[in-house]
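**Student:** In order, the protein sequences belong to chains A and B. Residue numbers for the first sequence follow the working numbering, so the first one is 1 and each next one is one higher. Residue numbers for the second sequence follow the working numbering, so the first one is 1001 and each next one is one higher.
Hints are supplied without guarantee of correctness; some may be wrong.
Said to hold, decoys possible - Which residues of chain B face chain A? A partial, calculated answer using Cβ under 10 Å:
| # | residue |
| --- | --- |
| 1 | Val-1046 |
| 2 | Val-1052 |
| 3 | Ala-1057 |
| 4 | Asn-1084 |
| 5 | Asp-1085 |
To be verified - Below are the SDA-like pairs computed for lysine to any residue, each with C-alpha atoms no more than 20 Å apart in a straight line:
| # | chain 1 | residue 1 | chain 2 | residue 2 |
| --- | --- | --- | --- | --- |
| 6 | A | Lys-25 | A | Arg-209 |
| 7 | B | Lys-1160 | B | Pro-1292 |
| 8 | A | Lys-109 | B | Gly-1090 |
| 9 | A | Lys-109 | B | His-1089 |
Said to hold, decoys possible - Derived Cβ-Cβ restraints for the label pairs, each shown as a range:
| # | chain 1 | residue 1 | chain 2 | residue 2 | range |
| --- | --- | --- | --- | --- | --- |
| 10 | A | Ser-36 | B | Asp-1035 | 58 to 64 Å |
| 11 | B | Glu-1080 | A | Ala-202 | 28 to 34 Å |
| 12 | A | Asp-99 | B | Met-1107 | 46 to 52 Å |
| 13 | B | Glu-1142 | A | His-228 | 39 to 45 Å |
No wet-lab data here; the hints were simulated from the structure. Even for Gly, the Cβ is constructed at its ideal location relative to N, Cα and C.
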Amino acid sequence: MPTASVLVAGGAAYIMPLSVASLNKARCRLIDMHYSAKVGHIGGNLSCLDAMMLIHHEYLGTNDRFILSKGHSAGALYVTLWSLGRLTDNDLDQFHQDDTLLAGHPPAKGIPDIRFATGSLGHGLSLAAGLALAARLQGASRRVFCLTSDGEWQEGSTLEAAIFSAHHRFNNLTILVDHNHLQGFGSTDAVASMNPLHERLAGLDFEIRVCDGHDLGSIRAALAPDRHRPLLVILNTIKGRGVPHFANTMESHYLPLTAEQYAGAMAQFEIESRHSPARVEEYAGAMAGSETDQ
Amino acid sequence: MRDALCRELVGRSGDERMVFLTGDLGFMALEPLRDAMGPRFINCGVAEQNMVSVAAALSYEGLEAWTYTIAPFCYARAFEQIRNDVCLHGLGVKLLANGGGYAYGVMGPTHHALEDYGILLTLPNMTAFVPAFTEDMSQTLERAGDLSGPAYIRLGRGEKPKGEVVPTYAPWRRLLDGHAGIMIAVGPLAGSAWGVLRQFDLASRPALWAVSELPIEANPPPSELTDALSRTRRLAVVEEHVAHGGVGQAMCRWVIEAGIGLDRFRHLHASDRPGSTYGSQVFLRRRSGLDPEGIALAAKTLAS
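Same shape as in the complex, but just chain A:
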């Protein structure tokens, strides 16, 4: 793993190596939080949790910025902040409750690590571009990360922001795409395909890298910043990753877990925690192979 001093611009508030055990603990907490609240959107949370955890634990310094453009994965962000001690168990217990800050999409105010209320897709990349521009104008060395969904690249405003970012060659901007291939009412292939995404976006002046979004080593290798232009990392992921009979299904986008699915997921993550990272990655690869055929 690269050292923090290489990877992190502007300080290192949270920097600590992310272990597979910690990641599985976060997955369990994410599942538990959603199951207790009886809410859905689990699929897109699990597909991006690995990258979000990695960035927050190993890359994000005090002065850096993270924007969750796919706001419907707010649960993954809350759990990531919990894993860093920035939110408590009591906080997470308020997820989706009345009078909570932990809504289904990130709140506008009240959680300092969350800078913008997102949820309507197509806003986050422009906000991230603005933060990158501000850093340039202010002579600050902060790095800006923006996590988008794959369906979000159908939004015109995302393309406006992409053109703007590429034109201004924001080399402090890293864009991540949670490429789980499923959107609200179908697959990204079936609805309004931008696939293969890395080829469609190749005309923009980005450094584009593709990685396995459930392989920490693969994500790390993709995250080294480009010196001259924005970095766009396409995370190949599985919606609902790790939940038996739920992963890579449309149901995982909307529906809460059944008791059986909940038990199956917790058991799965428990198994993964007890095995070596190599074994876990082998498992994840096998799972991806079997389920993308559905």
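Please build the complex by placing chain B on the supplied structure of chain A, with the hints as guidance.
**Tutor:** This is chain B only, laid out in the frame that chain A set:
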């Protein structure tokens, strides 16, 4: 107003926190500002949604972000960005909108801004500035720039009658005294109304007030106006904006809540439905009854 705008912005541009974003507009108008600001003047291209969100993020980082485009491309095209990224976070982005009302005339309804401040004033902490005269630009920019929250600045063309001197800027200004009620004009139409009403004698014309800052809940009418309204019980509102969400409706609510009874009320506003043919701002105002004849008729109605 655009030349005055550029002059005033150049004057402010010494502040290193100021960033100016344009949606690819400003040719033969904003070049001096571009030259003065260097890298802090950014042409965002034909991408207004992105421009507004970028401005929100700049404001979040402590910079003073001003955006500039044709009015409907701001409030209509980028409404969700204004709502979510600017207003939800209480960020002080300043939205400069050129061509309020029918200002773009024969360019057609895609370029008209007839529901702008009505829509935007539904958003939290939004202030809308509708300067009436070119002379207002300095104070408008200063007051908008001083706000911690967002502001929308609707720019038009000053219509000061020949020979008149514009009174010092204020959110509410009395332009003419009169005994036959109160006429409130929003923005540049105040100049047009001024030219009409000065031909009436004092007893047969309403007092003319220009309002330039909205909503009226944040800038309520001064006591001099409300006292006269209580006495005369006659009110006319003139605005280049549709009735819904306009100052006319807002004043109706305000007088009711203030316990002021009205015997007569006239609301001159932009037509709620676009016509089938196009024309100049003068033509379109006439079609909506916002021309000098329509204003004169409203004044006579109040006096009768």
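**Student:** All the hints need checking, so say for each whether the structure fits it.
**Tutor:** A quick look at each hint next to the structure:
1. Val-1046: Holds - the Cβ of Val-1046/B comes within 10 Å of chain A, reaching about 9 Å at its closest.
2. Val-1052: At 8 Å from the nearest chain A Cβ, Val-1052/B passes the 10 Å test, so the hint holds.
3. Ala-1057: This hint holds: Ala-1057/B lies near chain A, its Cβ roughly 2 Å from the closest one there, short of 10 Å.
4. Asn-1084: Holds, because the Cβ-Cβ distance from Asn-1084/B to chain A comes to roughly 6 Å (cut-off 10 Å).
5. Asp-1085: Holds, about 6 Å.
6. Lys-25/A <-> Arg-209/A: The given pair, whose Cα atoms are some 28 Å apart, is violated under the 20 Å limit.
7. Lys-1160/B <-> Pro-1292/B: Satisfied, since the Cα-Cα distance of roughly 14 Å is no more than 20 Å.
8. Lys-109/A <-> Gly-1090/B: Distance of about 10 Å is within 20 Å: holds.
9. Lys-109/A <-> His-1089/B: It holds: about 7 Å lies between the C-alpha atoms, which stays within 20 Å.
10. Ser-36/A <-> Asp-1035/B: 58 to 64 Å: holds, 60 Å
11. Glu-1080/B <-> Ala-202/A: 28 to 34 Å: holds, 29 Å
12. Asp-99/A <-> Met-1107/B: 46 to 52 Å: holds, 49 Å
13. Glu-1142/B <-> His-228/A: 39 to 45 Å: The hint (39 to 45 Å, Cβ to Cβ) holds, given that Glu-1142/B and His-228/A are roughly 41 Å apart.
Of the hints listed earlier, the one the structure fails to meet is number 6.
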